[in-house]
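Number of protein chains: 2
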Amino acid sequence: MPRMPDHVTAVPLEKAYRLLNHGPTVLVSSAHGGNTNVMAAAWAMPLDFAPPKVTVVLDKATRTRELVEASGFFALSVPCAGFARQTLAVGTDSAKTMPDKLATYGVTTFDSGHPAAPLVNGCVAWLACRVLREPHNQTAYDLFIGEVVEAWADSRVFSNGHWHFDEAPETLRTLHYVAGGQFYVIGQSLFVDK
Amino acid sequence: MPRMPDHVTAVPLEKAYRLLNHGPTVLVSSAHGGNTNVMAAAWAMPLDFAPPKVTVVLDKATRTRELVEASGFFALSVPCAGFARQTLAVGTDSAKTMPDKLATYGVTTFDSGHPAAPLVNGCVAWLACRVLREPHNQTAYDLFIGEVVEAWADSRVFSNGHWHFDEAPETLRTLHYVAGGQFYVIGQSLFVDK
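Note that the protein sequences, when read in sequence, are chains A and B.
Read left to right, the first sequence gives residues 77 to 270 (the numbering used here).
Read left to right, the second sequence gives residues 77 to 270 (the numbering used here).
Derived by calculation from the structure, the hints in this document are not laboratory data.
Take these hints with a grain of salt, some might be off.
Treat identical chains as interchangeable: a pair holds within one or across any two.
[Claimed, not checked] Below, computed lysine-lysine pairings styled on DSSO-like, alpha-carbon distance capped at 30 Å:
#1 K172 - K270
#2 K91 - K270
#3 K177 - K136
#4 K136 - K172
#5 K177 - K270
#6 K177 - K91
#7 K91 - K172
#8 K270 - K136
Since we're looking at a predicted model, the values are computed, not measured.
Generate coordinates for the entire structure from the input sequences, incorporating the hints supplied.
Have a look at this one:
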């Protein structure tokens, strides 16, 4: 697995929630026993500030869930407009029926320093997470809770604790999935004062 | 409480998840014992398709949480760019220290048919929810799970199960909060094919 690509910069843990606060669709990855998989998930959110926690819904039918349950780790990678086709593809096809889906769709990972939480190339933010085991939530609701152990972002769009989409290429804006292959791309910044 | 405003149209329950799927910031409202409150929450997501469920994080310090726990109901209203100031305001000030905060900020509600789940005027989608009591999640994580019992959207921006932001006034686009008074407004639609 290659080392960190250019532009990947550490995000302080107390700012990690901001990578998900605006509701982007994410890619969930995990690795165990020599197998790595990546799936898309629109159902993820921050759960706490410090230590930062997140929730994500992982269907029982997915290979990624098996890897998460076996390894106790996952990563959330935040894809951007330039990665929309791959995001849709890994969210549509399962590694259970398409064992080579990552290669087929050109989805590759890089090393986070946490072997069970590989990060997806071509994304703009990443959170490596350790599962906080909650068997009832996992069984009844497919709901997983993770503590963020390390976070990074592409410095072209996130720096000093803030997103800067308006000053970066359009292809780096985050994706917000609806259904049927339709995403919305995040739009303009709006500062308001109560 | 006034009746439904113009443009409010029922959304079939099986499509209700799409109102939150793209990750908008929401307003959480509840009513109990003659008291109504509204707060903002960036941490909400769909949890299931059918019956539709949602999660939302409600801090222990909030008046809204007290009303939700007492009534067993809440509503999620999805605010739009034209309602950004009010969204920030009800997310910043607590009814515990500003008892008249809704009147102060001009935030009003209308009847959903579920007395404990009033809906916020000026928003573009609404989900009335019944709390699925999960005391451990509520206590340990401030995490609430609701089953969506009825849903509506503004027909100018959501119809036939899809958002149509690109054909509607800019002020009706959903808000995606970051921090410090900064939102992003949802942007352009992007259809992709794997």
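Consistency of the hints with the structure:
1. K172 - K270: Between. Shortest inter-copy distance 18 Å satisfies the 30 Å Cα cut-off; intra-copy 50 Å does not.
2. K91 - K270: Only inside one copy: K91 and K270 sit 23 Å apart there, 33 Å across copies, limit 30 Å.
3. K177 - K136: So K177 and K136 pass the 30 Å test inside one copy only (18 Å; across, 44 Å).
4. K136 - K172: within (12 Å within a copy, 42 Å between copies)
5. K177 - K270: between (48 Å within a copy, 12 Å between copies)
6. K177 - K91: Between copies, since 29 Å is at most 30 Å while 33 Å is not.
7. K91 - K172: between (36 Å within a copy, 27 Å between copies)
8. K270 - K136: Answer is between: at 23 Å across copies they meet the 30 Å cutoff, but 43 Å inside does not.
Checked against the numbered hints above, the structure breaks none of them.
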